[in-house]
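Please build the complex by placing chains B and S on the supplied structure of chain L, with the hints as guidance.
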Amino acid sequence: MEDKIAVQIDDLTVAYNYKPVLWDIDLSIPEGVLMAIVGPNGAGKSTLIKSILDIINPIAGSVKIYGKPYKKQRSLVAYVPQKGSVDWDFPTTSLDVVMMGTYGSLGWIKRPGQKEKKASLEALEKVGMLAFKNRQISQLSGGQQQRIFLARALVQNAAIYFMDEPFQGVDATTEKAIINILKELRKAGKTVIVVHHDLQTVPEYFDWVTFLNVKKIATGPVKDIFNDDNLTKTYGINYKVSVQQ
Amino acid sequence: MSNAQIEIQLIASLVAIACAIPGTFLVLRKMALITDAISHSILPGIVIGFFITHDLSSPLLIILAAASGVITVVLVEFIQKTGLVKEDTAIGLVFPALFSIGIILISQNANDVHLDIDAVLLGELAFAPFDRLIFNELDLGPKSLWIIGTILLITVGLLFAFFKELKVSTFDAGLASALGLSPVVMHYGLMTVSSITTVGAFDAVGAILVIALMIAPAATAYLLTNDLKKMLVLAVLFGVGSAITGYWVAHGLDSSISGSMTTVLGLLFLTVYLFAPSKGLFSVLYRQKQQRIEVSLLTFLLHLGNHEEDETERHVKHLNEHINWQKVKSKSVLDLALKNNMILIDNDIVSLTEKGQHFTTEAIDYIVTNKNSEIENMKDRFFLFRG
Amino acid sequence: MDLQQYIELVFTDYTLRTITLGTAVLGAICGMLGSFAVLRKQSLLGDAISHAALPGIAIAFIIIGTKNSSAFLLGALISGLIGTFWIRGITSKTHLKSDTALGLILSLFFGFGMLLLTYIQKMPNANQAGLESYLFGQAATLLESDVWLMVITTGVSLIILLLFWKELKLLLFDADYTKTLGFNIKFLDILITTFIVIAIVLGLQTVGVVLMSAMLLAPAAAARQWTNNLSVMVILAAIFGALSGVIGTAISASHNNLSTGPVIVLVAGVFVLFSFIFSPGRGLLFREIRFRKNRNDLQLHKTLSFMYNIASTHEDISHPHAIKILNNFQGFTRKSLQKLEDQDYVKIQGNMWSMTKSGYHTAANLYDQLIKEENE
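Chains L, B and S, in that order, give the protein sequences. Residues 2 to 246 (the working numbering) are what the first sequence spells out, left to right. Residues 569 to 955 (the working numbering) are what the second sequence spells out, left to right. Residues 30 to 405 (the working numbering) are what the third sequence spells out, left to right.
If you're looking for bench data, these hints aren't it; they were derived computationally from the structure. Here the structure is a predicted model, which means the values were calculated and not measured. Hints are not guaranteed to be accurate.
As the list claims (entries may be wrong) - Label-pair restraints from in silico Cβ distances: (1) L:Q140 - S:I219: 48 to 56 Å; (2) B:E655 - S:M381: 52 to 60 Å; (3) S:N97 - B:D948: 27 to 35 Å; (4) L:S86 - S:D42: 48 to 56 Å; (5) B:E655 - S:I219: 49 to 57 Å; (6) L:Q140 - S:D326: 15 to 23 Å.
What the hints assert, rightly or not - Derived coverage of chain S by chain L (criterion: at least 3 residues anywhere in the stretch with Cβ under 8 Å from a Cβ of chain L; other residues may be distant): (7) 34–45; (8) 202–216; (9) 373–386.
The beta-carbon is built from N, C-alpha and C at its ideal position, and this holds for glycine as well.
Just chain L, with the same shape it has in the complex (with noise of 0.2 Å):
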């Protein structure tokens, strides 16, 4: 299962206002895990995403998602965005929010038909928000409209999917939903990729780690190298997360 190589990112450096965010980055992810990208504040987590997605212009280095750039390879990958990028007060209801992933198959101009709406109505449910398909965002509470932004993921139906801070101001049984649709997906063979901040449960959700604070600390199985030495230089102080798990 872990022969083949769903992104391949080799010499990788992105500077904000030449500023350096992520520095020299060579970083090949399995195709199938459930990979847990890790760091400090500023550690350019979000950056790497982003510039994996060609949203941030890097200015050494190559991405390649299956062997090929990102632009032949849009089909392949979906984006959850963190949820705080948007404005949540925007007049939609959560069914459209969920649409909007069918846009990037459709391309210019074609609208959204029976099938498009079919697809987004199925992840709605799968992520537990049917009920409020006819909602306003804005209605929603946090964990809720993450759910919204997953379903719109999810209705993408790619084989690699990147999340920036899923879990961020959600409630516990949010959390739960989501990584459990996660794992879901990766039982189907697709590769996620999530940003991650609490390290207490990387353990228990993930199956593959990566240490990044501007450079490459590590990379691997969680089993493998989730320890005390690589969160020690990931985050500078002698950091003790007990691995006991």
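Showing chains B and S alone in chain L's frame:
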């Protein structure tokens, strides 16, 4: 130069100073557009005041107009708090409504009111010397000179008295309240001063050009310095300079004085925007280009450091393939590294020199500990040639 | 002049018909495109652009030397676009913030425009320029050809909006995501900005430089309060805009000395005020009512749980207690007791009350519910 000419220039300069001082704080507090709102919405205040006093330079009129300015601010903030619309929409809704009321009041009473709508927008500085303050048959000079002089005196007095408080509340509202300085008092104090100044200047330069006198000198100064005191001084100088230059341009072209004052301000801003030493467009573009190549160089050196044992990663051709650079860029980066004695090229295999290694280790250290400012310092120490 | 006479006049009088039609179409296009400006948080861009258009109009006159609406429009469009992109240049390349950039472009361009206008006034052919109408707008100067131009532009922008509806909606909501799906966001951005600038420029002759921004914002801000659906919002904004135009024209035509522009803006302002207060979902009035209701419910619940505490000390929950003991409890009134009885939570017999089963059950659940609501 006739007496009237000197008086006009004096009034214009005082207006410019009185505007530049609150303007500086408004620009720093990201509230520049509130002047836009105030300058328009004082119109109904002026019209109503004029109905009552029949005198454009009566103190009551100034107080009424300033009050309607403050009401505007309160109204805008109230709408913002309801969360029904986004912040700037509130401003955009309030002032046109009040301005419309003002215009309708004027046109409905056109026979009683000698308020010219053009003068509202433009002001008429050329006529200012004719309206004189006469006390006991003694000619004390133009009325507007006294009005704006008084406003300026109050503004300067408040500035000196509350400089420290203003400074703290502008740059760090949280700290200000922790120190027991009320940011709310500072906020409404500043709004009141801005309203009064706008009313005082309105007569001379009109509603829209007040905005220019408030924002442009401060914005221009902000492109040249980050120091509050220097910024205030520069803003005042720019304001006075453009006022006087503008007067003579208008004299030469036989056109509107306030229009040419603004145009001079505009040209001044354009010049500084393009050529300011470190924040101007050209130096920003130049620095970005230079930094782009320098960051590329750092990237490249770091890459070499990372792959000391692997020769294929250090092959010249690798630059084009993995690092994904165009030929021209790779060449300029290589040249810069060679010039700075950072690398050696042997048989198309690039390796770091001792100096290069030293530099790389320090760079990694600084970057990982997030002390990006140190990089500039390092560049000074290590680079013989900049990008 | 009564309403019927006025309506007759609109259909028979050429000038009035032209003006009414013109302001209606203008209101519609402004409302439509204004919705996008408001949702993009570019509300005040309209103000800056309308002021920035002035020098363009003046230069157009200096070049061709006669009054010509389409040449003026072109000049206004060019200088409006220069202003827009300079604002972007200032905010992206310097540390000046967008409010400063907007204020700068607004006042500096306008000042330069005024310089040119006073210069033009000295020219021999100045009196045919009619440039003053651009300051406050003069609907009376609208010609049939102007109205046709507005209709055509509205039609074109309607087609563009329909074609790129999905893409524009996506861009407005989530620009980064739009990019990952492979849409060219730069193209979409320039497209929508250009059409907003066109709408502003079209309105200058009618409502003038100073009030143009309200024309753009007010219908959209009002429409937003009534719906949570983007397409409904755009349609409503167009209707509000058109109505403001028609009503404003009617009011100003039936009075002396009332210029059309300010009246249209005030009518639009009334729409906004009405929507802010009376819209069912978001309006201030309903918000206040909901707030009061919540407070009353809370008080009722407090009383209920107080009674629950008393009742639960007894083995039989329906055991009667004296009403007197409730008197010390804050928030308890005869009225609230009556309400509790109406909801069948308690039974009252003389001076005694007893809890019903459903009341006991509800009270027991109150605590759980509260916790749940906080988690949601």
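These are the hints, each one checked on the structure:
1. L:Q140 - S:I219: 48 to 56 Å: violated, 34 Å
2. B:E655 - S:M381: 52 to 60 Å: Between B:E655 and S:M381, where Cβ atoms are some 57 Å apart, the hint holds.
3. S:N97 - B:D948: 27 to 35 Å: violated, 60 Å
4. L:S86 - S:D42: 48 to 56 Å: Taking Cβ atoms as reference, L:S86 and S:D42 lie about 54 Å apart, which means the hint holds.
5. B:E655 - S:I219: 49 to 57 Å: violated, 25 Å
6. L:Q140 - S:D326: 15 to 23 Å: Holds: the Cβ-Cβ distance is about 19 Å, inside 15 to 23 Å.
7. 34–45: As far as the region 34–45 of chain S goes, the hint is violated, because 0 residues have Cβ atoms under 8 Å from chain L.
8. 202–216: That given contact holds, which follows from 9 residues of the region 202–216 of chain S lying within Cβ reach (below 8 Å) of chain L.
9. 373–386: violated (count 0)
When the structure is compared with the earlier hints, violations turn up for hints 1, 3, 5, 7, 9 and for no others.
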